[in-house]
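Q: If you're matching them up, the sequences are chains B and X in order.
Residue numbers for the first sequence follow numbering that gives the first Met the number 0, so the first one is 0 and each next one is one higher.
Residue numbers for the second sequence follow numbering that gives the first Met the number 0, so the first one is 0 and each next one is one higher.
Among the clues, some could well be false.
[Said to hold, decoys possible] Okay, the calculated beta carbon distance ranges per label pair: (1) Gly585(X) / Arg83(B): 45 to 55 Å; (2) Ile597(X) / Arg83(B): 30 to 40 Å; (3) Leu617(X) / Val50(B): 22 to 32 Å; (4) Ser594(X) / Ala69(B): 32 to 42 Å; (5) Ile77(B) / Arg577(X): 26 to 36 Å; (6) Asp575(X) / Arg86(B): 57 to 67 Å; (7) Val50(B) / Ser594(X): 42 to 52 Å; (8) Ser87(B) / Asp575(X): 33 to 43 Å.
No wet-lab data here; the hints were simulated from the structure.
Where a beta carbon is used, it is the ideal one built from N, C-alpha and C, also for glycine.
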Amino acid sequence: MSATPFLTLSALLFTIGAFGVLVRRNAIVVFMCVELMLNATNLAFVTFSRVNGNLDGQIAAFFVMVVAAAEVVVGLAIITSIFRTRRSASVDDASLLKY
Amino acid sequence: MTSLAPADGVFALLWLLVAIPLASATVLLVGGRRTDRWGHLLGTLAPVTSFGLGVVMFVQLLGRGQEERSIGQTLYTWVDVGGFSADMGLLYDQLSALFVLLITGVGSLIHIYSIGYMAHDDQRRRFFGYLNLFVAAMLLLVLADNYLALFLGWEGVGLASYLLIGFWQYKNSAAVAAKKAFLVNRVGDLGMTVAIMLMFATFNSFSYAGVAAGIEDASGTVQTLLGLLLLLAACGKSAQVPLQSWLLDAMEGPTPVSALIHAATMVTAGVYLVVRSSFIYETTSVASTAVVIVGLVTVLVGAIIGCAKDDIKKVLAGSTMSQIGYMMLAAGIGPAGYAFAIFHLLTHGFFKANMFLGAGSVMHAMGDDVDMRHFGGLRSLMPVTFLTFVMGYLSIIGFPGFAGFWSKDKIIEAAFADNVVVGVGALLAAGITAFYMTRLMLMTFFGERRWRDGVRPHESPAVMTVPLVVLAAGSAAGGVLLINSWIVDWLEPVVGAEVGHEEGVQPWVLSLAVLVAVVAGVAAAWLLFGRRVPATAPAGSPLTRAARADLYGDAINEGLFMRPGQYLTRSLVYFDNRGVDGAVNGLAALVGGTSGRIRRIQTGYVRSYALAMLAGALLLVLSLLAVNLT
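Using the sequences and the accompanying hints, generate a full structural model.
A: Now the structure itself:
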């Protein structure tokens with residue numbers, strides 16, 4: 000079984016995620032795109048794990064999931080509190096930290 | 000140098016000589032106004048006690064054998080740090096003994112005189128405190144057995160001189176004169192400090208004995224350098240050319256101060272230093288020749304300045320410079336001159352203190368006026384002052400039989416034996432001395448009365464005239480020290496014997512020549528000032544105008560040192576403001592401006608950061624790929 004289709008799919012998902020992070024303004028969507036990128040890398044990890052025949056990649060994928068879960072908790076909390084104070088979920092509105 | 004005898008018997012009290020006036024000064028200066036009522040009495044008692052002690056010691060010293068006359072007393076270890084150690088030690092020998100008698104003797108008389116002179120000054124107690132401080136420091140200067148302790152006394156007299164010149168500090172001229180004296184003395188002290196450092200570096204010692212032991216084997220450069228540095232120090236303290244400018248201004252101080260410090264004792268410290276360091280000058284002809292040249296120049300400069308001044312104290316100040324020049328000249332000649340330098344120093348101490356106090360008495364009578372053009376015809380009204388002044392006058396011009404005759408004649412004799420040019424200079428100065436002193440006498444005591452309105456001259460009280468009488472007696476009879484060449488033999492163990500004296504000119508021929516010069520000077524003064532003295536000074540010849548301006552001493556100092564110094568500091572300030580500050584401020588402005596532009600990158604938009612991160616990641620990946628593929 001060739002690994003190429005899996006890796007192609009992974010690259011495709013990653014590109015879509017990265018593009019979404021760059022162009023979308025809604026914080027929730029940006030967040031989802033980040034998740035998409037993370038999962039694209041997970042797919043690549045698992046693929047290479049199968050190709051190489053060891054479990055290292057699988058373990059790395061689990062770690063990424065754990066980190067992503069924690070990140071979702073913190074990230075959603077931030078987005079919620081920003082939405083509460085500013086009545087907006089647009090990332091461009093949260094631009095106070097500048098010169 | 001002979002070995003030292005221990006300080007036993009009365010000599011164990013050597014330290015008391017210095018301690019008594021010092022303790023008195025402390026009481027008077029710390030005690031403040033509480034001591035106002037009896038301060039002047041305590042202040043007078045201190046030098047009198049020291050004088051009594053000095054006389055007892057001197058008599059004891061006379062009774063001792065030649066080789067037991069150098070008495071050393073180590074008081075305590077002053078500094079002891081690592082390889083550096085200094086003892087506070089005193090040395091009482093034939094030279095110090097004479098100085099102790101001069102300082103405490105003349106000092107006591109001047110203290111007594113000051114009781115009357117300063118009677119109307121409500122700061123009289125402070126005045127006596129400073130005078131005591133001066134006496135203590137001066138005694139330490141002449142009693143020290145090493146250069147470091149001498150330096151302590153040296154600075155002490157400088158401080159006392161500063162305080163006393165500026166005693167009436169509310170007068171701007173007095174404050175400025177004090178500052179000037181202090182600053183000019185610093186220049187000389189620089190020579191002293193460097194000399195002491197050089198001694199310690201070369202001989203690992205700065206005691207007279209230690210330096211004397213090592214000087215023979217030292218290199219010629221060190222010998223010459225030490226001689227010249229000590230000469231610089233002596234020039235500052237003794238107001239010799241080129242550091243002479245402070246002495247004339249120092250006359251701003253009260254007259255007893257001028258008599259004690261700026262005539263009889265402190266200004267002669269330079270001569271003491273040169274004579275005390277005779278072992279150094281024996282080894283270097285360059286430095287001892289420099290001493291002779293400095294002396295000769297000052298003899299003439301001082302005398303010329305004295306001729307043109309109308310201020311009675313400034314005439315005497317010019318005369319002091321000139322007479323100390325004689326001493327320097329004699330000290331530079333070598334063993335043939337040391338004893339006569341000290342002899343002239345002693346006689347000068349008497350007759351100059353006498354004349355300064357006489358001048359003070361006259362000023363007292365004339366309402367503190369110092370302009371001789373306002374005097375005249377005072378001899379009948381102030382008979383005691385006049386007669387004592389005449390004694391000093393006859394002594395300084397070298398009238399046969401008076402003290403100055405013996406001492407000055409001997410110096411001129413030694414000068415001729417050394418070098419004809421020096422001899423002729425000294426002879427010429429003797430004539431000029433006679434001229435300006437006669438002028439002073441004529442303008443003050445003779446001729447018509449040119450007093451200002453409201454001045455009622457009167458003789459001074461006994462407390463002022465008695466010291467005058469004693470000093471006048473000394474001026475007249477000081478020559479007894481030369482009987483049987485006593486003073487030469489007495490000082491021989493300290494300064495070394497004269498070797499191979501060749502008779503250049505017969506002494507009686509020289510004495511005659513000096514007399515002729517003196518008579519010429521007196522006659523010239525009589526012709527010019529004998530009958531009529533204009534109440535305002537005439538314009539005068541260029542030489543007179545130059546002499547009135549102190550031969551442009553101040554102008555030279557200003558042109559040569561002050562102006563270039565000011566230019567230097569101004570350009571340094573400019574460089575500091577523009578150069579150093581400019582570089583620092585410019586750098587700060589550069590950093591500030593750059594960061595002000597760079598911070599525009601921080602937009603605050605998440606997407607731009609994300610794009611930057613992506614670009615960075617891509618760049619990393621591409622570069623990794625590039626490395627791996629090649």
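Q: For each hint, tell me whether it holds in the structure or not.
A: These are the hints, each one checked on the structure:
1. Gly585(X) / Arg83(B): 45 to 55 Å: About 50 Å separates the Cβ atoms of glycine 585(X) and arginine 83(B), which means 45 to 55 Å holds.
2. Ile597(X) / Arg83(B): 30 to 40 Å: Holds, since isoleucine 597(X) and arginine 83(B) (Cβ atoms, about 34 Å apart) stay within the stated range.
3. Leu617(X) / Val50(B): 22 to 32 Å: holds, 25 Å
4. Ser594(X) / Ala69(B): 32 to 42 Å: holds, 36 Å
5. Ile77(B) / Arg577(X): 26 to 36 Å: Because 54 Å falls outside the window, the suggested range is violated.
6. Asp575(X) / Arg86(B): 57 to 67 Å: holds, 59 Å
7. Val50(B) / Ser594(X): 42 to 52 Å: holds, 49 Å
8. Ser87(B) / Asp575(X): 33 to 43 Å: violated, 57 Å
Of the hints listed earlier, those the structure fails to meet are numbers 5, 8, in rising order.
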